[in-house]
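Novice: Construct the complete structure from the given sequences, taking the supplied hints into account.
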Amino acid sequence: MLAIVDSGGANIASVRFALDRLGIQSELTADPAIIRSADRVILPGVGAANEGMRKLHERGLVDCVRRLTQPVLGVCLGMQLLFESSAEGPTETLGLIPGRVDLLPCAPGVQVPHMGWNTILSGKNAPLLEGIDAEARFYFVHSYAGPVNAFTVASCDHGTPFAAVVQRGNFCGVQFHPERSGVAGARLLKNFVEGRV
Amino acid sequence: MLARRIIPCLDVRAGQVVKGTQFRDHEVVGDIIELAQRYRDEGADELVFYDITASSDGRTVSTDWVTRVARVLDIPFCVAGGIRSLEGARQILHGGADKISINSPALESPALITELAHEFGSQCVVVGIDSRQETGDYFVKQYTGDPDKTQATRWRTVDWAREAQRLGAGEVVLNCMNQDGMRQGYDLAQLKLVRAVLTIPLVASGGAGTPEHFRDVFREAGVDGALAASVFHKGTIKISHLKKQLITDNLSIRP
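Going down the list, the sequences are from chains A and B.
Position one of the first sequence corresponds to residue 14 (our numbering), numbered consecutively onward.
Position one of the second sequence corresponds to residue 1084 (our numbering), numbered consecutively onward.
Here are the computed lysine to any residue pairs in the SDA-like style, where the Cα-Cα straight-line distance is at most 25 Å:
(1) B/LYS1317 <-> B/LEU1118
(2) B/LYS1275 <-> A/SER156
(3) A/LYS68 <-> B/GLN1174
(4) A/LYS203 <-> B/ARG1154
(5) A/LYS203 <-> B/VAL1155
(6) B/LYS1275 <-> B/ARG1302
(7) B/LYS1275 <-> B/ARG1298
(8) B/LYS1321 <-> A/GLU148
(9) A/LYS203 <-> A/LEU41
(10) A/LYS68 <-> B/ARG1173
(11) B/LYS1321 <-> A/THR132
(12) A/LYS68 <-> B/ALA1200
(13) B/LYS1275 <-> A/PRO121
(14) A/LYS68 <-> A/GLU40
(15) A/LYS203 <-> B/ASP1157
(16) B/LYS1275 <-> B/GLU1295
(17) B/LYS1321 <-> B/LEU1271
(18) B/LYS1321 <-> B/ARG1298
These aren't lab readings, by the way, just hints derived from the structure by calculation.
All figures in this text were calculated on a predicted structure; none of them were measured in a lab.
Specialist: Dropping the structure here:
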């Protein structure tokens, strides 16, 4: 069973529908027992990092998510929450991946939010990206981003480089929205569900 | 590099996609789900659905078609028209829309932009601006969904765009009313002025007639996206052909 953590965010319906299109059953839940017993967990989220953390605290899910040992995929804000802290709030986040999430700087020709379809650069063998064309574009919509470091699987560039796909052990995350990224996004979700992490 | 977006706009009235010229004389052009899927297959980067009667009738968008669209689409979409509260926005976003766009309600109550941005994040909050050229400047119009109810506002277009950004908007869609439905090209001069005062993405709307119009608005006005309706609905321009042309023109485009 795949559990989608009900973090109160707005893109939860889209993630569920994307899984439905792939024929994958999922359960939207804030129940720690169900989340702990799931084969895989998706942590979605849209909105501000401090609000996202507040909702996880309110539902008593912070320690539950931190201690998960099955594959976990954070999407957009859900990925940002995997880092140690965020300048948005500012707030302490889950601390599962080193680094601080910061505001993307804007510049002439570089608008923030970073909104639209961008390519990613993958430096290493990435099971999550298996079968996905190197030129494929993914749909991004965010103003804050995590740093490129040892746990970056793929980076993206919008005026400045930032982490697009991260992984540390069983925890992985994507800054873009696979549920809104056409064929490439669907393949990434399929890779996650089929255990290519 | 981030791709410039091609965005078909579907004006929705009573559950059907319609299109008029200069906001008048609407004719039915097709079913919402059918058109949404067709544009996705042709390579649209994003879709915008405007419930064009909701705002001027004092109604909100019905959310059942929003969820039907969210189930089938694997590209982002934005819903506009009649959203005037946090609750109304929440229903549409929870229904599966990626963004909501507000126009007349933001003019009635600019604080709504900030409330929406705080609750859902700026990236979900688009401000639509209907702008008309008059006496050598550009001015914002309100309630443009119904020609009998359209009103002038106190805002100059550049001032309102700047204010919307300050209040927390994550994107501006600028509809240049003089050009709308005329297929004579986007209003490059006006879009350039607005581009210069914004650091958030700007989407051009109104006037697309040929592939060259898209090339020009990206190159000359520096917009992030170009929205069009009739040229796509009537098949005058095929999105797949348009994109090939723009790639040949050396623009960053998602094939």
